[in-house]
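Chain A is fixed; fit chain B onto it per the hints.
2 protein chains.
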Amino acid sequence: MNETHDPNRRSWVSSANTAETDFTIQNLPFAVFRRKNTSEIFRGGVAIGDQIVDLLQLDSKGILGGDAAQAAAEACKPQLNDFMNLGPRYWSALRLALSNLLKQGADSTGPFADCLQPQTEAEYHLPCQIGDFTDFYTSIYHATKVGKLFRPENPLLPNYKWVPIGYHGRASSFGVSGQDIHRPWGQTRAPDVTDPVFSPCKRVDFELELGAFIGSGNALGQPIAMGEAENHIFGLSLLNDWSARDIQAWEYQPLGPFLAKSFASTISPWIVTLEALAPYRAPFARDPQDPQPLPYLDSNQNSESGHIDINLQVYIQSEHMRQQQITPHKLSIAQFANSYWTLAQLVAHHTSNGCNLNTGDILGTGTQSGPSEEESGAMIEITKGKIPISLPSGEERVFLEDGDTIIFKGFCEKAGFSRIGFGECSGTILPAISPDH
Amino acid sequence: MNETHDPNRRSWVSSANTAETDFTIQNLPFAVFRRKNTSEIFRGGVAIGDQIVDLLQLDSKGILGGDAAQAAAEACKPQLNDFMNLGPRYWSALRLALSNLLKQGADSTGPFADCLQPQTEAEYHLPCQIGDFTDFYTSIYHATKVGKLFRPENPLLPNYKWVPIGYHGRASSFGVSGQDIHRPWGQTRAPDVTDPVFSPCKRVDFELELGAFIGSGNALGQPIAMGEAENHIFGLSLLNDWSARDIQAWEYQPLGPFLAKSFASTISPWIVTLEALAPYRAPFARDPQDPQPLPYLDSNQNSESGHIDINLQVYIQSEHMRQQQITPHKLSIAQFANSYWTLAQLVAHHTSNGCNLNTGDILGTGTQSGPSEEESGAMIEITKGKIPISLPSGEERVFLEDGDTIIFKGFCEKAGFSRIGFGECSGTILPAISPDH
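Chains as they are written, first to last, in my numbering: chain A, 1 to 437; chain B, 1 to 437.
Careful, some of the hints might be misleading.
Copies of the same chain look alike in the list, so a pair counts if it works inside one copy or between any two.
Using 30 Å as the maximum straight-line C-alpha spacing, the simulated DSS-like pairs for lysine-lysine come out as follows [as the list claims (entries may be wrong)]:
| # | residue 1 | residue 2 |
| --- | --- | --- |
| 1 | 148 | 161 |
| 2 | 202 | 161 |
| 3 | 103 | 384 |
| 4 | 148 | 414 |
| 5 | 202 | 103 |
Please keep in mind that the hints were generated in silico from the structure rather than gathered at the bench.
Same shape as in the complex, but just chain A (with noise of 0.2 Å):
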């Protein structure tokens, strides 16, 4: 940790300075925007409370130098991907340089001032550009109580323990957060009948995941061990991997899920730099009965530091809701502190193999679930695909209806340190629309 962490730190944006503020001067993370309703270019922005830092307006001021000033020079651009691509050295010259401009007794009046932007005028698009989307399985918890649903007498299967499971998944339908989303049409076939039907998706849910961001890549054949693993990974968002039950029941035997998963992923526009969170590391007790991870996965930092202590959570608001001014219920929580594989593992694993990675890949997490009922990061282990929920609306829920906004958040507290947000990512199912066909 350095200077940019330090607890006492305050802003002359007084906005950050605020307790439920996720944006602190120790969080400074990073987005593409533009102002809405606007033709301008999107470019590279840094969170402040309620403003953004426009990196666009201050690469052209020239007050920064040294590696501070290359790094603002990439990340003023309309993706992150080369600046997530200069590696940590100079995404902590950007923080560093950043942090000094803001902090308090810094100069509120001159030239920088000029590049903050109110967050309630900006509009967010993707912050790069996804080359492959890699999804896991770190949560067992989740895994047991979804393993449960289909084989009571055997949840976990023989792998669990010892691989990070994980499938490739669907990049080109990352949308950002306020994303509308089509309930989508799929096969199905009923369990008492024999042929199945061509219709609207009816068991559409959500999954609490966060995404990490690749920064620098490797080559092809080149494996990432664990003590450089965190080197790789730029920041996290929240992820919501939109998922429809009912076709990823009938399609995903022998090669996994598919049209079930890639109709739609949405992100939170801002991504929290693994500098950041320092500040929230933890370390994961695995149950002593439990294998040792093989010394490919192994590291001293893994079981003392190798997790984050992040608190997700899940709102809904139907649309009945809105209508009713109810605000948004919230359905479930989850801590990613309790995740099974911790980062590092899951790039040294991917790269295992020789597989590269590259800038702005997405690892998700999969589903985040705990140990109680009341954290489940999914629809389908909340209501067992059957007990319906309550709204505050009178309204009842198995899984998602048409209207229905689904809102994560995400944030880390502790006492003696500043809050880290991670801001919003929300989405609305919207009606299925009828192909041509």
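For chain B alone, kept in the frame of chain A given last:
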């Protein structure tokens, strides 16, 4: 069909008129190339006999007009994506213009003649930026033969004849023919022990496939109907989806193959356009006992000419054979006309949930096998994973060994029509690299 398919058309490039050439004037496939051992920029090219039409040269000559000129201006770039995104009208215009420039009787001494480069002096690059890679499972013979190894009593799963089964693959690790592939490391577990080990893969395999390149894509949420599907396919190349069978067996439950596939996929440099393949369209006689495709996967075109009759061949040359100057040995054959699903069905199914395809995406056909023993598109089918085959050098193989080169060939031939060939897709297995741990 049009004048470019006329079997009587010959070229003034005499090597294009031989019986054995893959690159007749009726073919005209696209690649990205430069002269070997130079730092020239890569650019688009079209094969004719043993020559390449250098599209960058052609574009600079100002010979073409109209749609063909516009197409060539995009096709001469270092990646073909912008050309592929133009759609069938422009692809056809450039094909027709090239056919007319290359036909017997056209001017073989003017400025166009300067645009030819010998293939022997060329090196190739991936033809386009590949966004997402989806691999299907279209051979019912492959699905049945492999299914028998795992589930002798129930080889074909109930969804197979309804759903064009597919899964998301890894796009980053594609390489072009001539690729060297280090044997991957990975977790495997022997049948008779509890704990897995991390070691070099013992069961490296090839998979004989074709890859279909998406030309213009679709917007998220907007499915492509069967009748429109082929307008979105630019063309086909040979595809080897290298596989690590022992890694696959341990990792693939419940989310499908992951590291068993992501270490490398190899394609042939030339993309043969769908238009060139028009004379080789074929019907598919679905077993009358089988269910008819659901309406979103059905069309008259599907049954009458939905398939393409492409002959596929696999050759192996071991290190020892190379040293002894023993030519590559034919391992296997297959016919793409035996595929259970058509390319149009793959596109319609993939987008039926609203998933967006992008220019440069690859849809793999999955391993192509046939009803007979010799039509087996992977070592695991040929040897059942245990019965060795003999090579002409006296060596035996169950799976691939270090130094083995696998070569795919593909071609269309029938009486009264010109041969359309795919060139070669080759790759060599190198020893495993020891990772830094």
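Going down the list of hints, with the structure as the test:
1. 148 with 161: Answer is both: 16 Å inside a copy and 29 Å across each meet the 30 Å cutoff.
2. 202 with 161: Intra 33 Å, inter 23 Å, cutoff 30 Å: inter-copy only.
3. 103 with 384: Neither: 49 Å inside a copy, 67 Å across copies.
4. 148 with 414: neither (34 Å within a copy, 56 Å between copies)
5. 202 with 103: neither (51 Å within a copy, 57 Å between copies)
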